[in-house]
Amino acid sequence: MTTTPESRTYHREDCVTFRKTSEQFGGLSNMAGGYRLLVNDVEIFTSEALYQACRFPNLPDVQRLIIAQRSPMTAKMKSKPHRWRSRSDWEQVKVAIMGWCLRVKLAQNWENFGQLLLSTENRPIVEDSRKDDFWGAIPVDSETLVGINALGRLLMELRELLKQPDADSSLQVVEPPTLPDFLLYEEPIGVINMNANHQIFAEVNQEKLERPIPKLVGSKFNGNGEKTQKLTEQGKQLELNLWGE
Numbered sequence: 001m002t003t004t005p006e007s008r009t010y011h012r013e014d015c016v017t018f019r020k021t022s023e024q025f026g027g028l029s030n031m032a033g034g035y036r037l038l039v040n041d042v043e044i045f046t047s048e049a050l051y052q053a054c055r056f057p058n059l060p061d062v063q064r065l066i067i068a069q070r071s072p073m074t075a076k077m078k079s080k081p082h083r084w085r086s087r088s089d090w091e092q093v094k095v096a097i098m099g100w101c102l103r104v105k106l107a108q109n110w111e112n113f114g115q116l117l118l119s120t121e122n123r124p125i126v127e128d129s130r131k132d133d134f135w136g137a138i139p140v141d142s143e144t145l146v147g148i149n150a151l152g153r154l155l156m157e158l159r160e161l162l163k164q165p166d167a168d169s170s171l172q173v174v175e176p177p178t179l180p181d182f183l184l185y186e187e188p189i190g191v192i193n194m195n196a197n198h199q200i201f202a203e204v205n206q207e208k209l210e211r212p213i214p215k216l217v218g219s220k221f222n223g224n225g226e227k228t229q230k231l232t233e234q235g236k237q238l239e240l241n242l243w244g245e
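According to the numbering used here, the sequence shown is numbered sequentially starting from 1.
Honestly, I wouldn't trust all of these hints.
Derived pair list, reagent style DSS-like, types lysine-lysine, alpha-carbon separation capped at 30 Å [said to hold, decoys possible]:
hint : residue 1 : residue 2
1    : 20        : 163
2    : 94        : 20
3    : 131       : 20
4    : 94        : 131
5    : 80        : 20
6    : 78        : 20
7    : 20        : 76
Computed spacing ranges between beta-carbons, pair by pair [as the list claims (entries may be wrong)]:
hint : residue 1 : residue 2 : range
8    : 191       : 144       : 39 to 47 Å
9    : 24        : 130       : 34 to 42 Å
10   : 111       : 41        : 17 to 25 Å
I should point out that these hints are in silico values taken from the structure, not numbers from a laboratory.
All residues carry an ideal CB built from backbone N, CA and C; glycine is no exception.
Using the sequences and the hints, build the whole thing.
This is how it looks when you write it as structure tokens:
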């Protein structure tokens with residue numbers, strides 16, 4: 001049985017926080033541009049657009065409207081008039097879907113997003129939000145934030161997986177979550193296998209790399225090359241870890 005996650009208190013000085021995408025760690029946000037995706041041979045400009053499109057597996061025209069948007073905020077706004085038609089289990093599956101979206105973002109933007117994620121070291125990652133205490137945490141004073149911080153916790157889970165010696169192989173094969181009607185344009189969303197190609201949008205990623213990113217010391221991206229068990233239900237596992245902590 002899924003339980004409601006508890007709010008947590010975060011001390012700003014101990015955390016990596018992000019609010020604006022122009023900030024040092026702004027690339028951790030779903031609203032960050034420059035991390036293009038390719039799912040079922042469909043080019044998607046942002047992870048926010050992918051996440052919002054997943055609300056509407058049986059409404060391909062709405063998915064197309066969302067995915068056509070270059071701006072992540074516009075993609076989110078385009079979804080709002082249709083939210084009453086979101087998949088019926090959306091509240092139960094949205095965390096698993098967000099976890100999957102983050103894995104796709106990492107697999108297809110391996111060097112720049114992976115480097116940014118590892119540069120947070122072992123600090124708590126917190127989305128500093130004005131009003132959303134589910135995906136983020138809300139400041140209660142200048143030093144303290146309180147919230148469930150679901151996005152930050154998913155990012156921390158992904159960061160721990162990225163530190164593992166098999167990350168180079170295991171995290172670049174992204175299985176779809178085991179959900180009914182997980183569709184894009186009426187087709188089942190398939191496995192994303194990036195082992196043969198780390199950067200599918202090299203020109204965009206080069207632009208992103210021009211933004212200053214904290215320098216890493218002693219961090220590795222490549223694993224030992226051994227074949228390991230695929231993380232076939234990673235989105236689901238991230239949800240279980242988030243809810244069960």
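Hints not upheld, ascending by number: Number 9 - this is the single hint that the structure violates.
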